[in-house]
Amino acid sequence: MAGRIRDVDIALVRERSPIADVIGEHIQLRNAGGGNLKGLCPFHDEKTPSFNVTPERGMYFCFGCSEGGDVITFVEKIEHLSFGEAVERLAQRAGIQLQYEQGGYVPRRDHGERARLIEAHRAAAEFYAGKLMGPDAAPGRRFLSERGFERADAETFGVGYAPAEWEALSRHLMARGFTAEELVKGGLAKEGRRGPIDRFRGRLIWPIRDATGDVIGFGARKLLDSDDGPKYLNTPDTPLYKKSQVLYGIDLAKREISKRAQAVIVEGYTDVMACHLAGVPTAVATCGTSFGEEHIKILRRFLLDQAEFRGEVIFTFDGDAAGQKAALRAFADEQKFVTQTYVAVQSDGLDPCDLRIKQGDAAVRDLIASREPLFQFAIRSTISRYDLRSNEGKIAALDAAAPIVAGIKDAGLRKRYAIDLDRWLGFMDERFVMQRIAEVGGAQQGRQQRAPKAAPVDPSVRVERELLKLAVQRPALLGPRFDALDPQAFTAPDHVLLHRVIVAAGGLAQAGAGGREWVERLVQHAHEEGARALVTRFAVEAIQVDAHAEERYAGDILTAAEAMPLDRAIAQVKSRIQRLNPVEQQQEYNKLFGELVALEQQRRVLRTRVAGGS
1 MAGRIRDVDI ALVRERSPIA DVIGEHIQLR NAGGGNLKGL CPFHDEKTPS FNVTPERGMY
61 FCFGCSEGGD VITFVEKIEH LSFGEAVERL AQRAGIQLQY EQGGYVPRRD HGERARLIEA
121 HRAAAEFYAG KLMGPDAAPG RRFLSERGFE RADAETFGVG YAPAEWEALS RHLMARGFTA
181 EELVKGGLAK EGRRGPIDRF RGRLIWPIRD ATGDVIGFGA RKLLDSDDGP KYLNTPDTPL
241 YKKSQVLYGI DLAKREISKR AQAVIVEGYT DVMACHLAGV PTAVATCGTS FGEEHIKILR
301 RFLLDQAEFR GEVIFTFDGD AAGQKAALRA FADEQKFVTQ TYVAVQSDGL DPCDLRIKQG
361 DAAVRDLIAS REPLFQFAIR STISRYDLRS NEGKIAALDA AAPIVAGIKD AGLRKRYAID
421 LDRWLGFMDE RFVMQRIAEV GGAQQGRQQR APKAAPVDPS VRVERELLKL AVQRPALLGP
481 RFDALDPQAF TAPDHVLLHR VIVAAGGLAQ AGAGGREWVE RLVQHAHEEG ARALVTRFAV
541 EAIQVDAHAE ERYAGDILTA AEAMPLDRAI AQVKSRIQRL NPVEQQQEYN KLFGELVALE
601 QQRRVLRTRV AGGS
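For reference, each letter of the sequence shown is one residue, going 1 to 614 in our numbering.
Heads up, some of the hints might be wrong.
Unchecked claim - Now the in silico label distances, taken between C-beta atoms and shown as ranges: (1) F43 / G213: 19 to 25 Å; (2) E551 / V605: 20 to 26 Å; (3) R423 / P18: 51 to 57 Å; (4) G213 / R380: 37 to 43 Å; (5) P18 / P239: 23 to 29 Å; (6) S82 / E600: 56 to 62 Å; (7) R16 / P230: 42 to 48 Å; (8) S384 / E155: 40 to 46 Å.
Please keep in mind that the hints were generated in silico from the structure rather than gathered at the bench. We put the CB at the ideal spot given by N, CA and C, even for glycine.
Let's have the full structure, built from the sequences with the hints guiding it.
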């Protein structure tokens, strides 16, 4: 059994695993000011970015779902690993050889299940690629050549060949120390009568990688007439591979998708290759399933898909009836994107791979450039099913297209398409068409549940929150005045809890200059339920002032916090005085009035002292 990873090695892994780089392999991050980065959360579906990363303190936190932690926590969550497995994964990424407190180095066989399956798939991809130049793989090389791909192209995409043997890969991997159970669990083999047999035989192989570049599955194309299986065969769902959550080519396309704010959706592996080689490096494809909601979530994280309508998602489909049907299915999911969506339809039915073969790279780029807005395509495809030569046909077409137009989120765009619809139908009566669409839209809106309005934030609670953010992020600005605060300055339960953590960690006297070491100290003292999440949140949440004004801001917030117990006491005394009769209850009234005068004096002294700069 593996020993415990040494603390010094864990600290080294954190140090050499920049959190922005690690998280950036999964989502696009953009500058949010104040040293923070922001992106769409990979742990829940959201319309606007609420996932924040603070490289200075090595922490992340999502203000939408409250997931947060450091770089190790992120890898644990995103890849469903244990703490030790996450440390090992990051160590491998950083080139660090870990040592364990009970017996030195741990051999690879002791690693967790996911890591073992990743290694098996990496070895399988190398095995298949090595077989592509062998004599038996001639049909596979011919297939690639006929589609315009050279040897270097195959190497770029890792294309390989599965020998037409029952156990070629299984024998190879088991000789490398992998078990039959692991091969079957990973989808590389199937149970046979006398042991595992290869899942893919006599086929051209494409390795399917996740966004980080790890091979998690394979797609296999039939080459031989004697193969009675389907034309394309994919890895089944496994602990690594879920076809509804995989996009072929995302590892190669993700940086260009982020850079260009564009994603091109094609239908096959060779189409992805053709697009990339033709100068469309944002192309990806689904793997044996239709494009769906999970694929949208993947793309939105790299597009940083939000309300500015800056990016674009382009679907490529054949111009035939099946292609139109596929495009309309895509339209059904359009509202889950915030960015603009398009369709690129090749009228002669050529897919990007065939188009490149027959007309060259420029034709592929022209296809993408000639994209048509998905709304326009959906509306025109819908009305094309009706006979527009009769009034009955026009009304039926209008009623069929009205829900599409009514569902357009942008009001200006919705009006323009209503005008276009009137023109396409030949009514020449915009008011009538818009009224019909408005009736449909009103019915749709009536069925939707209105979101409740957010409750206003208590100003004193806001002061508490800002003060605690400063205590976690900029402790040097607060100094001993924070440690001298009355604990009753904090009233919100979360703030009371976080203040207790800071006190348990020795107060700001132990914070030094702050930074990662101070946050880690707070985490170590966050023993109560929910306390660690609070530390993470307050380490990441932006301070509501520009950096150059932080010192003055910290003084003002401290003053407000020092005054809050006095303000509450004054309010309580005033409330009690108002309930007294000054004649009948003169003694008690005078006593409370004296208390009020003393409290007011304390507050004036506090404000004068701060105004004087002391």
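Hint check for G213 and F43 - Cβ pair distance inside 19 to 25 Å: Holds - the Cβ-Cβ distance for F43 and G213, about 21 Å, lies within 19 to 25 Å.
Range hint compliance [Cβ, S82 to E600, 56 to 62 Å]: Taking Cβ atoms as reference, S82 and E600 lie about 58 Å apart, which means the hint holds.
Supplied distance hint 51 to 57 Å, evaluated on CB atoms of R423 and P18: holds (54 Å)
Verdict for E551, V605 (Cβ pair) under range 20 to 26 Å: For V605 against E551, whose Cβ atoms are near 23 Å apart, the range 20 to 26 Å holds.
P18 paired with P239, Cβ distance criterion 23 to 29 Å: holds (28 Å)
Range hint 42 to 48 Å (beta carbons of R16 and P230) holds or violated: holds (45 Å)
Verdict for S384, E155 (Cβ pair) under range 40 to 46 Å: Given range 40 to 46 Å: holds, Cβ gap about 45 Å.
G213 paired with R380, Cβ distance criterion 37 to 43 Å: holds (40 Å)
When held up to the earlier numbered hints, the structure conflicts with none and fits them all.
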